[in-house]
Amino acid sequence: MALPTLLNSRSPLAAPAAQREILAALPLARSFEDAVAAAQTAPLTAAGVDVLQVNLGKRCNQACHHCHVDAGPDRREVMPDAIVDACLGVLARSGIQTLDITGGAPEMHPRFRDLVIKARRLGRRVIDRCNLTIATLPNYSDLPRFLAAHQVEVVASLPSYAASMTDRQRGDGVFEQSIAALREFNTFGYGVDGSGLVLNLVTNPVGAFLPASQAALERDWKRELQRQHGLVFNQLFTITNMPISRYLEWLEHSGNLAAYMGKLVQAFNPATVPGVMCRATLSVGWDGRLFDCDFNQMLDLPLAAAAPQSIVDLTNDAALQRVAARRIVTGPHCFGCTAGAGSSCGGATV
Amino acid sequence: MDTYYHPPDLAKFGDIGKDAPELWKKFQEWYGAVFAEGALTEREKALIALAVSHAVQCPYCIDAYTSGSLEKGATPAQMTEAVHVAAAIRGGASLVHGVQMRNHLEQISM
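Going line by line, the protein sequences match chains X and V.
Per the numbering used here, the first sequence runs over residues 158 to 507.
Per the numbering used here, the second sequence runs over residues 140 to 249.
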């Protein structure tokens, strides 16, 4: 059964400002900006836009304990048609090669398939960030077939190959449904050598600790999913949990917040700074507003004031260039992307 | 309540180097080398450390290597088995001394 979202349970942390306040009040050994300054001479700036990451909204069939979006079945925010069209317009006018579609469960958006089809027609690489269980619901059972037909890359969440760990993070019964969905994706060739259909899995730690070595975990995942379930996939991405939204609430409630933030700060790795994903990504909110990443989006930290603020403002080359060279907006949560081996939507960065 | 063990003290471990910095430096270098990947993986070493932490009953070490084992990709099932190994050795170590008891019993009995 899905948990109530912060919004629905009237938690003060449903407000991004309240989350920012908690993070700002933590007595960290140093600020993220100081850590970056010690690693390189210049502040963080974008180095172009390779990926347009579009968040279609907060609606989701699940409500995971660690969700940084506070997504769930009770959320109603979905991207309006005009914003979907504006995203497609930017893809058509720009050299941005990758459309990364996320949510919520982005497949629940009525324009999801239209967006995929049109972006693929433009020749863009399309990624669907899929929670897997959506493909087991009657209305979405043909999702693997549709995604395969349009050569969409699937990035799917599976925190653990152990059922109890996955269910602890994502809800009772999620593991079993996820395995069923993975079997369906494999049936259509996803993750199968030589098929050209990419199926990557994502694991977030089930608790207040950093991810293990991505390469070591990938070996475990491949061995165990094959041995226990006969399943295959391409790559495993390890992603550090960000101290935002429901994960932030859990950290605070469980008394882990100060120690976890201390761990992120202590594990700051200067080698991760040049490759942080915000330098190559532009994040679009459900309402069209622009952000450096999905995490800034959830904390309501918009692009630096000098840059255009909405996807509908990206009407010409000059606006695109301003976005592509923008100064990145940072905060204490950014330590999540620079701890240890680094973290991004594509997994470890070093 | 006052106690000899305070969880925040683990973060002060480095204070032990204050009056013997060279020894602390040598310990750190050696410690780092011990836990680096070698003939054993980092995960195997973390699980050994977790088991030994229980055998020597060091609360700091138990906290550190519970997190450490997870961060090396160990599962709760593997960690629990490691603790059972420590417990079995401790239990077995007591029990095997029973042979000494039997020997002495034989010695002094008619």
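If you're looking for bench data, these hints aren't it; they were derived computationally from the structure.
A hint or two may mislead.
[Unchecked claim] From the structure, some residues in chain X lie toward chain V, with a derived Cβ separation under 8 Å:
no., residue
1, A171
2, P173
3, A174
4, G364
5, L374
6, V422
7, F425
8, N426
Backbone N, C-alpha and C fix where the C-beta goes; we use that ideal spot for every residue, glycine too.
Hint-by-hint comparison with the structure:
1. A171: violated, 29 Å
2. P173: Hint violated; X/P173 Cβ to chain V Cβ min 29 Å, cut 8 Å.
3. A174: Nearest chain V Cβ about 30 Å off; hint violated.
4. G364: holds, 7 Å
5. L374: holds, 5 Å
6. V422: violated, 12 Å
7. F425: violated, 15 Å
8. N426: violated, 14 Å
Checked against the numbered hints listed earlier, the structure breaks hints 1, 2, 3, 6, 7 and 8; every other hint is satisfied.
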